[in-house]
Amino acid sequence: MANPEHVAVVRQGAAAIARWHEQHPREGLDLREADLREASLWRADLAGADLTGATLTLANFRGANLSEVTFIGTDLRWSYVKWSGFTRGAPAQADLGEATLRRVLLTGADLSGANLSEANLRGAHFTATDLRGANLRGACLSRALFAATTLGDVDLSDVVGLATVSHLAPSTIGVDTLIASFRGAGNRLTPELTTFFRAAGVPEELLDALPRILAEVKYYICFISYGQPDVAFARKLSEDLKARGVTCWLYELDKTPGERTWREIVEKRRSHEKMLVLCSLKALFRDAVKKEIEEQIDEDPDKIIPISLDDEWRRHDFEVRRGQGPDLRPRLLELNYLDFADPSRYDEQLAVLLEKALRRRDTPIA
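Just so you know, we're using our numbering here: the sequence shown kicks off at 207 and counts up by one.
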């Protein structure tokens, strides 16, 4: 929790903050989980402050010094940040949607999973910045500077100003970023995308081959969400899909030794184009399964394909009646599901899954 005295100082504005720094030259402001909505922090020196989990909606940071600020899980929606130093901060999963971050310094910043949609990042400096899984839809990167930055699973198809970005050193561009951007642009590489990728260090041969390679991909790549009671079915489904040319990820079979479990699950769920949710009475009681489903529904419900393994999970009150938390059933039943409850119809339903749900719309049916 935030230090109440620090919050009171910040609420008084830049002059009070400057006096506090003079009296405490070796300390940083502790503003963890502080509610600073609509705070006026014009030209405030917040260098070194800890804003982990703080709410900064509609706060005015114009001219503020945000160097070495910690932004972990901070909500900066609709806040205004201009001409700021923002070095080595870590706004992991922060919401910076529609923020003005012109000429912000993001050296070493962890922006993985952050929402930067519609953000104004004109002239921003991205040096060794982690942008894996970030949402940059509609963001402005005009005159931005990139160097040694990681872009994984990022759709750049409607980013503004890509062709004006300066690259001071090569960056790491994930294949998933190339695919997402290609698909997002209507299965083509626009001149802006080509210019950006080429300058970032993507080999010319790969850019030339990308349209041909992706044209040969028949199916969406999918993530399989399951509960431990259904692991045997999940393994069979994964193996059968892979045997038919579908790229899919199942934790039981495909986890990476040494990786943090939940981090890898979230990264894989976000980077895959479809999410197969195995629905059964026992599985949907499990907190991990609920968390996966709820997060995906909030982020992009169109990716979800429910796979029904029994009839019990569809009963109207089973979770509420047994005190098992939120009822996910109505949210899942808003989507058409495939019924795999009858083992004798497995092959029939698998064919429907392949042709009706997983086959790309732009590939011919054999």
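It is worth saying that the hints were derived from the structure and are not from the lab.
A hint or two may mislead.
Pairs of lysine-lysine, DSSO-like flavour, derived with a Cα cap of 27 Å [unchecked claim]:
1) Lys488 to Lys424
2) Lys496 to Lys424
3) Lys509 to Lys448
4) Lys461 to Lys448
5) Lys480 to Lys496
6) Lys497 to Lys509
7) Lys424 to Lys442
Since the structure is predicted, the reported quantities are computational estimates derived from the model, not experimental observations.
Structure-based check of all given hints:
no.	hint	in the structure
1	Lys488 to Lys424	33 Å, violated
2	Lys496 to Lys424	30 Å, violated
3	Lys509 to Lys448	19 Å, holds
4	Lys461 to Lys448	16 Å, holds
5	Lys480 to Lys496	17 Å, holds
6	Lys497 to Lys509	16 Å, holds
7	Lys424 to Lys442	21 Å, holds
Taken one by one, the earlier hints fail for this structure at numbers 1 and 2, listed in ascending order.
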